[in-house]
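Protein chains in written order, with this note's numbering: chain A, 7 to 312; chain B, 7 to 312.
Just so you know, these hints were derived from the structure itself, not from any lab.
Computed from a predicted model, the values in this text were never measured in an experiment.
Incorrect hints may appear among the rest.
Heads up, the list lumps identical chains together, so a pair's fine if it works in one copy or across two of them.
[Claimed, not checked] Listed below are the simulated DMTMM-like cross-link pairs for lysine to aspartate or glutamate, each with C-alpha atoms no more than 25 Å apart in a straight line: (1) LYS259 to GLU273; (2) LYS222 to ASP266; (3) LYS168 to ASP31; (4) LYS74 to GLU90.
There are 2 protein chains.
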Amino acid sequence: MLVVLTGGTGGAKLVQGLSLEAGPDDLCIVCNTADDFVLHGLYISPDLDTITYTLAGVGDATRGWGVKGDTFAVLEWLGKYGAETWFKLGDRDLATHLTRSRLLREGWRLSQVTERLCRALGVEATLLPMTDDRVETRIVTSDSEISFQEYFVKNRWADKVKKVYFAGAEKSQPVPGLLESIRDARAVVVCPSNPVTSVSPILAVPGIRAALTGTKASVMAVSPIIQGAPFSGPAHKLMAAMGWEVSTYGVAKAYSDFLDVILIGAEDRELKARIEEIGIRAAIAPIHMNSLDDKKRLARQVLDLL
Amino acid sequence: MLVVLTGGTGGAKLVQGLSLEAGPDDLCIVCNTADDFVLHGLYISPDLDTITYTLAGVGDATRGWGVKGDTFAVLEWLGKYGAETWFKLGDRDLATHLTRSRLLREGWRLSQVTERLCRALGVEATLLPMTDDRVETRIVTSDSEISFQEYFVKNRWADKVKKVYFAGAEKSQPVPGLLESIRDARAVVVCPSNPVTSVSPILAVPGIRAALTGTKASVMAVSPIIQGAPFSGPAHKLMAAMGWEVSTYGVAKAYSDFLDVILIGAEDRELKARIEEIGIRAAIAPIHMNSLDDKKRLARQVLDLL
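All chains should be modelled from the sequences, with the hints used to inform the complete structure.
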């Protein structure tokens with residue numbers, strides 16, 4: 007199978023393309039869960055949901071999150087009761103969180119819940135949370151420590167970040183079958199997701215990084231950075247906070263212990279030589295994904311290169 | 007203050023009339039919570055909600071439950087995930103259950119949650135759950151035992167009822183201030199709610215029945231039965247299951263240890279003598295409440311008689 011490591015927004019675009027071009031049966035998608043959080047008493051898994059909705063054909067591709075055409079009646083009333091409304095929970099989306107929260111409280115594991123939700127929405131690909139344990143991205147700023155959603159959604163990444171860490175990662179375990187999937191993979195694709203807060207948490211789950219280093223399969227990444235800036239979100243700020251070079255080279259370097267190939271934009275062609283110096287092949291491709299055609303073309307390019 | 011004992015639908019109509027005619031500041035409403043149940047992981051208090059929405063002016067008076075103009079997007083999606091959808095949870099209504107469930111999980115008492123929800127929706131009357139403890143109406147049929155909502159909503163009161171009991175009642179305590187409110191009341195009104203499953207659970211909370219017997223205030227009931235049939239719901243079936251006469255007389259008899267006056271319909275005038283024989287004054291009044299004018303007129307009649 008083709009194993010895909012992904013976060014939400016940017017990753018979901020390539021996942022959609024790969025599902026259409028390689029077929030869902032061939033995909034084993036390993037998804038970040040370190041952005042998960044509890045709000046209104048509900049357990050919310052933003053990245054799992056974005057991938058699920060995208061593959062089910064009900065995702066809102068324009069916003070990049072939630073269910074297409076969703077309404078916000080519950081949230082408006084939660085506001086009347088004084089609840090925080092900065093996280094835009096749609097009504098249909100809320101049914102997902104209600105179902106997940108109830109099942110988790112009943113003792114289901116997150117991977118079991120994910121499988122049930124995927125099946126109910128007709129998703130055929132295999133979607134695995136990176137772990138069934140609680141791992142939480144914590145953003146340390148100069149005067150506080152906040153969750154990823156507080157940083158990303160509530161504060162709109164305005165905080166000056168000093169440090170990022172993944173609470174609980176060292177004690178977490180990959181979900182059953184995940185390491186074997188990487189070992190036996192036909193190829194592994196690291197999606198153009200935020201390398202600090204979407205891909206690094208996956209790599210922080212004990213065993214996953216070693217499995218990527220050890221697999222015989224070719225490991226390819228698609229760069230989420232072009233000309234020193236991310237396609238969306240705060241990857242540049244977070245990479246800088248980690249002391250990484252904010253460039254496609256910085257991404258390649260962060261993955262250099264397991265990466266074989268990186269797809270970079272033509273705009274970054276002058277970085278090709280530097281990347282190849284650290285033992286990673288850099289292939290040039292149009293890595294923008296603004297339309298469904300873009301997503302399919304990039305997916306095809308990934309599949310052809312593997 | 008005027009203390010009012012009530013369930014949902016029928017009681018809510020008189021509560022609305024009393025609030026308009028006596029003013030909300032004068033009302034202390036004691037509400038049945040034995041219909042409360044947990045669904046989709048949410049704690050739902052149907053009677054408290056109906057009273058709250060009615061007093062807030064957002065209740066759906068036609069259906070008798072839920073929020074006027076509410077939508078059902080969450081429920082439809084819960085159905086996709088295989089959840090039971092027989093209990094019609096509206097989106098706005100769901101925000102109430104989410105808020106209540108979260109606060110209860112955080113350690114709030116039901117009476118505190120109720121006060122907060124009322125305040126948020128601008129309800130000025132005092133609304134008290136009968137108890138902060140869990141009391142649950144159980145319906146025993148010939149071959150099973152079910153909750154009130156399963157009997158009432160899911161099975162549409164088709165089961166043959168053998169017995170009704172209130173699990174947890176004997177260990178429950180009235181909410182703080184409730185007994186004192188009855189003791190010091192200007193008058194007490196028992197709403198035309200189901201005497202078996204709306205009023206009896208309130209009376210089953212230790213201390214409440216004794217407070218009603220002991221108060222110097224006049225205690226009046228409005229009959230929920232006319233010509234041997236309830237205005238709505240299964241009161242006739244449940245009264246029969248209890249071995250009570252299914253009539254206004256049967257209602258008066260069930261309350262005879264504390265009742266001073268009962269308002270009955272002109273259609274039941276031949277029962278007046280029998281009721282008065284057991285020491286309860288029977289006053290004849292138009293007790294239908296089909297319109298807002300009906301509710302106000304009946305409330306005025308209640309207030310004039312007290």
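Treating 25 Å as the Cα threshold, decide for LYS168 and ASP31: within, between, both or neither.
neither (41 Å within a copy, 54 Å between copies)
Pop the pair LYS259 and GLU273 into one bin, within, between, both or neither, using alpha-carbon distances up to 25 Å.
within (18 Å within a copy, 89 Å between copies)
Check LYS74 against GLU90 for me: Cα-Cα at most 25 Å, and say if that holds within a copy, between copies, both or neither.
both (23 Å within a copy, 24 Å between copies)
Cα distance capped at 25 Å. Does LYS222 pair with ASP266 within a copy, between copies, both, or neither?
within (11 Å within a copy, 88 Å between copies)
Hint check: a violation occurs at hint 3 only; the rest are consistent with the structure.
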